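The chain contents come next:
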Amino acid sequence: MIPNRKADRATVLLLLLSLMPWHVWGQSSAPSNNPGNGQWSVQVDRVDPGAVTIAPEFKAAIYENLLEELAKTKQFQAVYRSGDRNAKDVSKLLVLKVKIQKYSPGSETTRAVSTVSGATKLNVGVQLLTADGRVVFDQVVDGNVRFFGNNLRATHNLAHNVAGKLKQASLAAPEVP
Amino acid sequence: MTANPLSTVRHAGGRAPPGSELAGRASFTKVAHGSSVAKQGGGLPFGNALALPKHEEHMDHTAISIRASLALLLCLSKAATGQSAATEQSPAAKPPLHATHVLGFEAAHHNASGDLGIHGDALQFQSSGRAAAQVGIRAIQNVSLGQEDVQRGGTAATVTKAAIPFGGGRAVSLFAHSKFDALTIEYLDQNGAVHEAVFLLNKGQGQAFQNELAAKGVHVVLVNPTTAEGTPEVKQ
Numbered sequence: 020m021i022p023n024r025k026a027d028r029a030t031v032l033l034l035l036l037s038l039m040p041w042h043v044w045g046q047s048s049a050p051s052n053n054p055g056n057g058q059w060s061v062q063v064d065r066v067d068p069g070a071v072t073i074a075p076e077f078k079a080a081i082y083e084n085l086l087e088e089l090a091k092t093k094q095f096q097a098v099y100r101s102g103d104r105n106a107k108d109v110s111k112l113l114v115l116k117v118k119i120q121k122y123s124p125g126s127e128t129t130r131a132v133s134t135v136s137g138a139t140k141l142n143v144g145v146q147l148l149t150a151d152g153r154v155v156f157d158q159v160v161d162g163n164v165r166f167f168g169n170n171l172r173a174t175h176n177l178a179h180n181v182a183g184k185l186k187q188a189s190l191a192a193p194e195v196p
Numbered sequence: 149m150t151a152n153p154l155s156t157v158r159h160a161g162g163r164a165p166p167g168s169e170l171a172g173r174a175s176f177t178k179v180a181h182g183s184s185v186a187k188q189g190g191g192l193p194f195g196n197a198l199a200l201p202k203h204e205e206h207m208d209h210t211a212i213s214i215r216a217s218l219a220l221l222l223c224l225s226k227a228a229t230g231q232s233a234a235t236e237q238s239p240a241a242k243p244p245l246h247a248t249h250v251l252g253f254e255a256a257h258h259n260a261s262g263d264l265g266i267h268g269d270a271l272q273f274q275s276s277g278r279a280a281a282q283v284g285i286r287a288i289q290n291v292s293l294g295q296e297d298v299q300r301g302g303t304a305a306t307v308t309k310a311a312i313p314f315g316g317g318r319a320v321s322l323f324a325h326s327k328f329d330a331l332t333i334e335y336l337d338q339n340g341a342v343h344e345a346v347f348l349l350n351k352g353q354g355q356a357f358q359n360e361l362a363a364k365g366v367h368v369v370l371v372n373p374t375t376a377e378g379t380p381e382v383k384q
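Protein chains in written order, with the working numbering: chain S, 20 to 196; chain R, 149 to 384.
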């Protein structure tokens, strides 16, 4: 009788473990892939519109959403705004620069009526630079709204994607003086 | 004695009698009067009555009634002055505008509705049931105006549209959207850090508010209106 009970318990435990979502395991192992990122702090620069004419509320929303999304990832020790005097004393500081490359305003009404058109599209170049100007991250990231949500939702999606790409990237650990 | 609006007057008859009510108090009173008052009771209509030493009680009552009436007069005149000042100030203070804070304004929730206005030297956003968030006008670097096309009704409207059969929700979408003025404000906090806040206001109100800020010395960034309306894709 006793061996049977043990076997039952083991079966139940195995069943429970198999039911656990795989992303739980993935999350716990994610920081180990990227050990150096936690030591950096980041300062988000103002969004550079480049040669693209972009609505001011989009520019503002990209900047503010980036600050929020980067803080959410907890990848960096601190996230500073552009011009923040507190960032001057930080030695291990990266500067995040965002430059708009493509922008299609779209229309929420058109999206709601036609479904297939009226998408708001954003395409930006993202760079992370060290204090001495060395580029440690350089990628192009998209942020779109195709079906649901207002136009400014594209900026939130963009910031979310940027934060995701930065999390995946393996940044070199800061040099200890 | 020189002419003084609040001239100091000694009661007629010099000092108050030792046993009277006025003896223990200061023998001076202030009256709203344009000139010095006659010392012998000539200046006041009750002068003769006050001067009579035989009717001390009557004199006391009269003096008290004079004081009371003058004090009442003074209070009424001050109240009237205050009312006129308030009436003069009211046209200058504009009522706050109803706005939706999209993001970026410190101490205010995202997509919170409230009143946006200028109070003295500060831009203030007051959402219902929360403390007002404000920033000094001097801290504002730039203000710009755009347009946003937003669906009214939020999630409830989206669900309702989805529930309408035969694609009727799409037709509803044509009427469920409205254009709003998107007011973008760039300001610096105490550490010099840049904040960028976006507010949605009813169409037409944004321009008036921008002008109001410009009158206070805020730099206005002019935006090409066609970009907010939806131009073809712009490439670098």
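If you're looking for bench data, these hints aren't it; they were derived computationally from the structure. Keep in mind that the hints are not guaranteed to be accurate.
[Stated by the list, open to error] Listed next, the stretches of chain R that the computed footprint assigns to chain S, with coverage defined by at least 3 CB atoms under 8 Å from CB atoms of chain S: (1) 245 to 255; (2) 259 to 273; (3) 277 to 283; (4) 297 to 310; (5) 320 to 326.
[As the list claims (entries may be wrong)] Partial pick of chain R residues on the chain S-facing surface, computed with a CB cut under 7 Å: (6) 294; (7) 338; (8) 340; (9) 359; (10) 361.
As the structure is a prediction and not an experimental result, all values here were calculated from the model. Even glycine gets a Cβ: it sits at the ideal position worked out from N, Cα and C.
**Outcome, coverage hint (the segment 297 to 310 of chain R, chain S; C-beta under 8 Å; three residues)** = n = 5 at 8 Å, threshold three: holds.
**Item:** Given hint residue 361 of chain R near chain S, where the shortest CB pair must fall under 7 Å
**Value:** violated (14 Å)
**Request:** Establish whether the coverage given for the segment 320 to 326 of chain R by chain S is satisfied; the threshold is a Cβ-Cβ distance below 8 Å, and no fewer than three residues must meet it.
**Result:** holds (count 4)
**Prompt:** Within the assertion that chain S covers the segment 277 to 283 of chain R, do at least three residues meet a Cβ-to-Cβ distance smaller than 8 Å?
**Reply:** Our answer is that it is violated, as 0 residues pass the Cβ test (under 8 Å) against chain S, missing three.
**Item:** residue 338 of chain R as chain S interface residue, shortest Cβ-Cβ below 7 Å
**Value:** violated (9 Å)
**Request:** Let me know if the C-beta of residue 294 of chain R comes in closer than 7 Å to any C-beta of chain S, holds or violated.
**Result:** holds (4 Å)
**Request:** Can you take a look at whether the segment 259 to 273 of chain R is actually covered by chain S? Rule is 3+ residues, C-beta closer than 8 Å.
**Result:** violated (count 0)
**Message:** Given a cut of 7 Å on the nearest C-beta pair, is the interface hint for residue 340 of chain R held or broken against chain S?
**Reply:** Residue 340 of chain R check passes; min Cβ-Cβ to chain S is 5 Å, inside 7 Å.
**Asked** Can residue 359 of chain R be said to touch chain S, with a Cβ gap under 7 Å?
**Response** violated (17 Å)
**Given coverage of the segment 245 to 255 of chain R by chain S, tested with a Cβ cutoff of 8 Å and a minimum of 3 residues** = holds (count 3)
Hints 2, 3, 7, 9, 10 from the earlier list are contradicted by this structure; the remaining hints agree with it.
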